[in-house]
Amino acid sequence: MDILNAVWVLGAISAVCAVLLVLADKFMQVPVDEKFPIVRDCLPGANCGACGYAGCDGYASALVSGEETRINKCVPGADGVAMALSQALGVEFEDVEEQVAFVCCGGDCNSTSDKMAYQGISTCAAAKSMYGGKGACSFGCLGFGDCASVCPQEAICLFDGLARVDASKCIGCGLCAKTCPSGIIAMLPAVSELVVRCSNREKGAATRKECSNGCIGCHKCEKECPEGAITVVDNLARIDQAKCTACGRCAQVCPVGCIDTRNAVLSKKAV
Amino acid sequence: MSEFSKILFIMFSMVFTENYVLVQFLGICPFLGVSQNLSSCIGMSGAVIFVMTLASAATYAIYQGLMVPFGLEYMSTIIFILVIAALVQLVEIVLKKYMKPLYNALGVYLPLITTNCAVLAVTLLNISEEYNFIESCVDGFSAGVGFGVALILFCGVRRALQRAKPPKAFEGLPITLIAAALTSMTFMGFTGMAENLFS
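Sequence order for the protein chains is P and A.
Using our numbering, the first residue of the first sequence is number 1, and each one after it goes up by one.
Using our numbering, the first residue of the second sequence is number 1001, and each one after it goes up by one.
Same shape as in the complex, but just chain P (with noise of 0.2 Å):
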C-alpha cells in the first residue's frame, strides 16, 4: 500500500499548491488593459524607439494608459499606423510627418584629408574623443559607420569614408542621428529638397582649408533665396524646410557646391 501513499501524499501536496497559486493569482492580479493588445497591434514592433519610448510596448502601453495623447508619433509606421491608431483608441487622425535622416558633411576622401593616422579602435565614438577624429575637420563625418551599425534598416553605407543615407530604405526613425558622435545627422522632412551638405561652423578660411566642399558662410545663398529660407548662423547656411520651395537658386550661386538636391551624388566640383 505504500504506492497509494505515495500518490495520495503527492497529489494533497500539489492540490495546496495549486489552490494557493489561484488564490494568489486572483487576489493579486495586475489587471492589464483590453485596449493594449489592440494598440499593442496596431504598431509595427520594429522597436526602433522613434516615438521616445522604450519599443513598440511603451509607445502603446503610454497610449492606452492615457498618458501619450499623440498618435502620430511613430515615423516608422506613417500614416497607416496613425490611421490605424486613431480607429483602435476612437481618437481624431493625425498626420504623420515623414522623415528621413541625412548626413550633413561632404567631406568625402577627394574634398578633405585626414591630420593624423588613426590606429584606434574602429568606431566613430572612440575617434571623437581624440583630438575630435582623424578628419582634418573636426565637425564632419567620423567615417566609421556607427550611424551604419545601428541602422536597422541597412539604408546607410559608407561612400569614400563619409556616410550615405539612402532615402529610399530610410524609415526615419532616427537611431543614427543619436547615434553619431558629430550630431550631423539631421532628421528631415521626407519632402524637403535641398540641403547643405555641411556641418562645419568655423570662418570661411579655415574651413577652406580643411574641405573643399565645406561652407564658407558667404552668405551668397542667403541674398539669392526669394523666400528668405536660408539664413547664415555660425558660418553655416541653414535652409528652413517649411519656407523652402526648392527652387535650386541657392544650389546656383553656392561656390563650394554644399547645397544640393538631397539625394544628388557628391558634386563634381570638389574634385
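Keep in mind that the hints were calculated from the coordinates and are not lab data.
Covered, in the sense of this in silico footprint (three residues per stretch, anywhere, with C-beta under 8 Å from a C-beta of chain A), are these stretches of chain P: (1) 3 to 10; (2) 20 to 28.
Partial pick of chain A residues on the chain P-facing surface, computed with a CB cut under 7 Å: (3) L1066; (4) F1070; (5) A1086.
Small disclaimer: the values here were computed from a predicted structure and weren't measured.
Idealized CB from N, CA, C, for every residue including glycine.
Starting from the known structure of chain P, arrange chain A on it as the hints suggest.
What follows is chain A alone, placed relative to chain P:
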C-alpha cells in the same frame, strides 16, 4: 559545537567555502545570464535568497510532517521540485503586482529559478545534513547570499571584461567562462577555513 556556532558555521561555509556557484558549480545559468549589470544582479540575488529560504522552510515542514511518517523519503526530489515550482510562481505573481520594475529587469530568469539546481540542491542537502528547522532556514538563506556574492563579484569582473579586448576567438562567452573559472579559483582560498574558525 554549540547551536550558535553551528549556525555561524553554516552561514560562513555556504557563503565562502561551499559557495554553490563558485565552489560547487550549481546554478551557473543565471550566474552567466544575469551578471551583466549590477541592478539586475541584486534583484536576482534577492529573488533567489527569498525563494531558497522559503523553499528550505516549506520542504523541511513537508519532509518531517508528511514524507517521514509515510516512509516517502525516496520521493524527495519530485516533491521538492513541485514545491519549488509553486513557490517561484507565487514569487512571480507577487513581484508582478508590487515590484514591476524588478519583474521586468529579471525577465526570463525569474521563471528559470524553478530549474535553478542550486535551489533544489539546498533543500536536498538540508535533508542529508540532518539540519533542524532553524538550521535549514539559515542554510537556505546563506546559500542565497552566497549566490548573490558570487553574482555581484562576477558582475564586477564582467565590467572589467567589457573594457578588455580579448583575441577574436575568445570574444563574448568564451572569455566570460574563462573569467568565471578564474573567479571560482579565488574561492579555493577559503578551503578548510570554516572548520577551523567555528570548531
